[in-house]
Amino acid sequence: MTGHRIKQPFLSRRHFGRALVGVGALAASGSLPLSSALGAEPIKIGFGMAQSGPLGGNGKAALLAIEMWRADVNRRGGILGRPIQLVYYDDQTNPALVPGIYSKLFDVDKVDLVLGGYGTAVQAAALPIVMQRKQLLIGTGAVAVNEKYNYDKYFQMLPNGSTARTSTSEGFFQAAVSMQPKPKTVAILGAVTEFSRNVILGARENAEKFGLKIVFDRGYPPNQVEFGSIIRSTQAANPDVVFVASYPPDSAGVIRAAYEQKLQTRMFGGAMIGLQYSELKQQLGPMLNNVLCYEFYVPAPTTDFPGIKEFLHVYQERATQAGADLLGFYLPPYAYAGMQVLEKAVETTKGLDPTALAKYIHANTFDTVVGEVSFAPNGDWAKPRLLYVQYQGIVGNDLEQFKRVGTQVIVEPQEFAYGKLRYPFLASD
Amino acid sequence: MVTFNLLLNAVVTGILLGGFYAAVTVGITIAFGMLDIVNIAHPVFIVMGSFIAYIVNRNFGLDPLLAVILAMPLFFLLGIVIFRFYYAAFEKSGKGSLRGLAFFFGVLFVVEVTLLLAFGVDYRLVQTSYIGPNIGFDHIDLPLRMVIPFAGSITLVTGLHLFFSHTFIGRAIMAVAQDEFALSLMAVDTVAVRQLAFGVAIATAAIAGGFLIVIQPVDPSLGREYIGRVFAICVLGGLGSITGTVIAALILGVIETITSTLFGPSWAPAVSFAALLLTLAIRPSGIMGR
Amino acid sequence: MTRVPSWVWPIVVAGLVLAASRVVKNEYYMFAGYVVLQYVVLASAWNILGGYSGYVNFGSAAFFAIGAYGTVVLDKLWQPPLVVAIFLGGIVASLVGLVTAYLTLRLRGVFFAIATLALAIVLQTLVMNWDYVGGPLGYYCVRPDSIVGFPSYVNYLFVVMLALAVIAVLVARAIESSFIGRGLAAIRDNELAAECCGVPTLRLKVFATMVSGGLMGMAGAPFPYYITYLDPNSAFSFAYGINSIAMPLVGGMTRWIGPVIGAVLLAVIQQVATVTISSELNLMIVGGLLIGFITVAPNGIVGLFEQYGQQRHGRASP
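Residue numbers (this note's numbering), protein chains in the order written: chain A, 829 to 1257; chain B, 89 to 378; chain C, 914 to 1231.
Dumping the calculated DSSO-like pairs for lysine-lysine here, alpha-carbon to alpha-carbon at most 27 Å:
1. A:K1178 x A:K872
2. A:K938 x C:K938
3. A:K1041 x A:K1012
4. A:K1248 x A:K1041
5. A:K962 x C:K938
6. A:K872 x A:K1187
7. A:K872 x C:K938
8. A:K976 x C:K989
9. A:K1090 x A:K1012
10. A:K1172 x A:K1137
11. A:K1248 x A:K1037
12. A:K962 x A:K1178
No lab work stands behind these hints, which were simulated from the structure alone.
Required output: the full structure, derived from the provided sequences and hints.
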């Protein structure tokens, strides 16, 4: 540098040097990425999660719950003193993308732990790779993925349990035979899709077990537009009880058709996916009255698990912005609970070794936002806990009424039940 | 157990459904049948119409059918813009069909993704006073949810038929459809005529979108499920014939509903398309084809 | 200087890729690479009918799924070596192509396109209702742990797909430069005139459909082992249909190298997009490129190169 004074330009070396020192100070004070602040290597948890495609809605809700968990844990100082970092990709509800995603997570991103995406197909596609790496896999929202493999490090947070095939409809049939006089006949309808088919196979078994004769048994294609005719056929068989296994678009169609035709039967409902989502609850409104459906969680005096109310409060505030389901009654609490299980296991075993983690999880019961959770040897819930509720007293199309106790009355299983089952189906208040 | 009642209701419901299918297809009848433009993106414009109906209904409480009627002029203009682009890029050079097909394929995806980004993946429904109640006759139950779109469709299709057969512009379009070259020799601006026709075709998508969301919940990728149906009806009806489209749509609606009622709905899609394949094999000019 | 015959290049490139696959340990590249190669096969196969003769096939997914479900059936019956499954898948798909072609190819190209769409829907409905292969419940296809001669089964799948890609490309090239290719080009330019000149249009079109469908079926055959859980939605995914059309279009439909370029470009973009940006944009990219190329560069990238070459050498365009 020569001797004469040069006015320093803005981005001169001097300024830059000073800026660097300033940044260093900031880093030291902890305002930059946690890893540099806490000085500890983050624990990387990787997964694919549907943010688009048919199950994108659920995937978004689950992702929000997992992010909430991450924020909560990091606020408490991380696990084993290490902050949590999430690495995830949108699997587009397309199982063909899953092998690539998970091999990237393991080989390129070098994650420490993985989770499953949402849905049976994507978890089924991920399992072989996870098995090959001898890693742990916790997933939500899949059925019978582990049936063929019997992998000991797989865990499923769906409360359907090992006997998912029959447990999904069991509560419905239990409620049915609680009616006086006992019903004799049942009609079974469902979409020809993976979920519905599975449930219907179980429903047939349950019908036999509970002594109901199947007088009508029909499937319809997933893109069925018009349900009037199938409801009419159902009515023609004069069933005492009508059981439906459906997905969101057909759930709406079936309910509407039943409402329009004033379906004469004593009990109507089933395993109807979509009725748990805020969008359909709101849109269908009073058409839901007296319909039975399974829910994972509804506000009730019997479901006041530790932390659930706070969780839902924070979730509902963030849901609109995240584009996720506004009520959060379906997946989010279970996704969060799954993370709680993982957290406890890592903390107690003081490490990330999959074998030790799996052993711990199999051997213990966990206190979560959805109550006590324990697992069967194949990774499903040891005790199924699907809540069968009957919608009662729904007025108009506002969403807030669903946050109150009383609009979704739990009728089965008995340990959570409160309120009375209303029948026949067309009974008014 | 098949009763007369069941069958009667199935046929009647099939007719209602068929009427709706006619409204969905008539845009293709015009674009493909008359103008030879394979607008495979038509169903996604219908879905766009449904979403407009949804927003207006959600935020302003306006009836969805009213909303789409108001949206028709916009769709008409959209049709003209697309045609202009299509014409400049493809028709002038004369390579036509294949490239146009691929172009509209691309449009289908771009519009679908835009809807996805704007609205997300959820199914949407509308609230109206006529979703729920039934009209009951002796043995027949007609949900208003289907009757109103049916009535609307018939009005639309009849209106179009009259337009094409009795107005000057309509007949000009039919003439261009028949023999464009001859018409251009007579100093008719065939491009302007076709442009107008395409605009009309896209405008029908708006109304069909309104009907669609009244009848069933709609999500952005629903359009794909209708591509096959729509072209099947158009071909069955004999390309370019509105009457043919209506007849074919009614037939398809009734076949689907009867199969649904008697044999179980899971076979219905296969039956409809098997019918199409057979038609193509045996009588490709369709029912009313020339 | 003797020119190297163009059929040597695919084999040389494949050899290099094969060598690389032995060295690269990272399985992610095997998985991603498999998909790219799969699309090379699909795009080349589609182009044999679509590009050379101008008959658009919307039902690529149908032929692909025939290969995939064929493997499922075989896996249930007696678990033959993969090569056998590929061969049989190709044959069945080819026969389906024959039937469809015979029923519909006497008509205009547009009807053929609609018929292929209908075919995809009908087949998907049939498979959905066919419980033997799992129907909507899907089928769990267990991937063998390892196989002799390869570091892992995934590596083996990658190499198998590489071989299929080479075969598809060489077949396309052979057809293109043979009398069949010239006949198809004549059909594309003006079918009526071709008929008048004595070109056996129906037979050529049927042949092209059979080869095209057969190759697509072969591409689908290893899929169940790749994905390990096959359900009708995955097998009949619309992505196969649209990509099979977009890739040759972007790459160039008149030469065998076009689909290869288009497939590699688009498939790599989509794979990268999956692990970087949001996925809805994935489809937007394909749609956008489709519209862009078809409007501005209808002969694809190959066409652009040819144009550039002509401008440079000052030749008038033919």
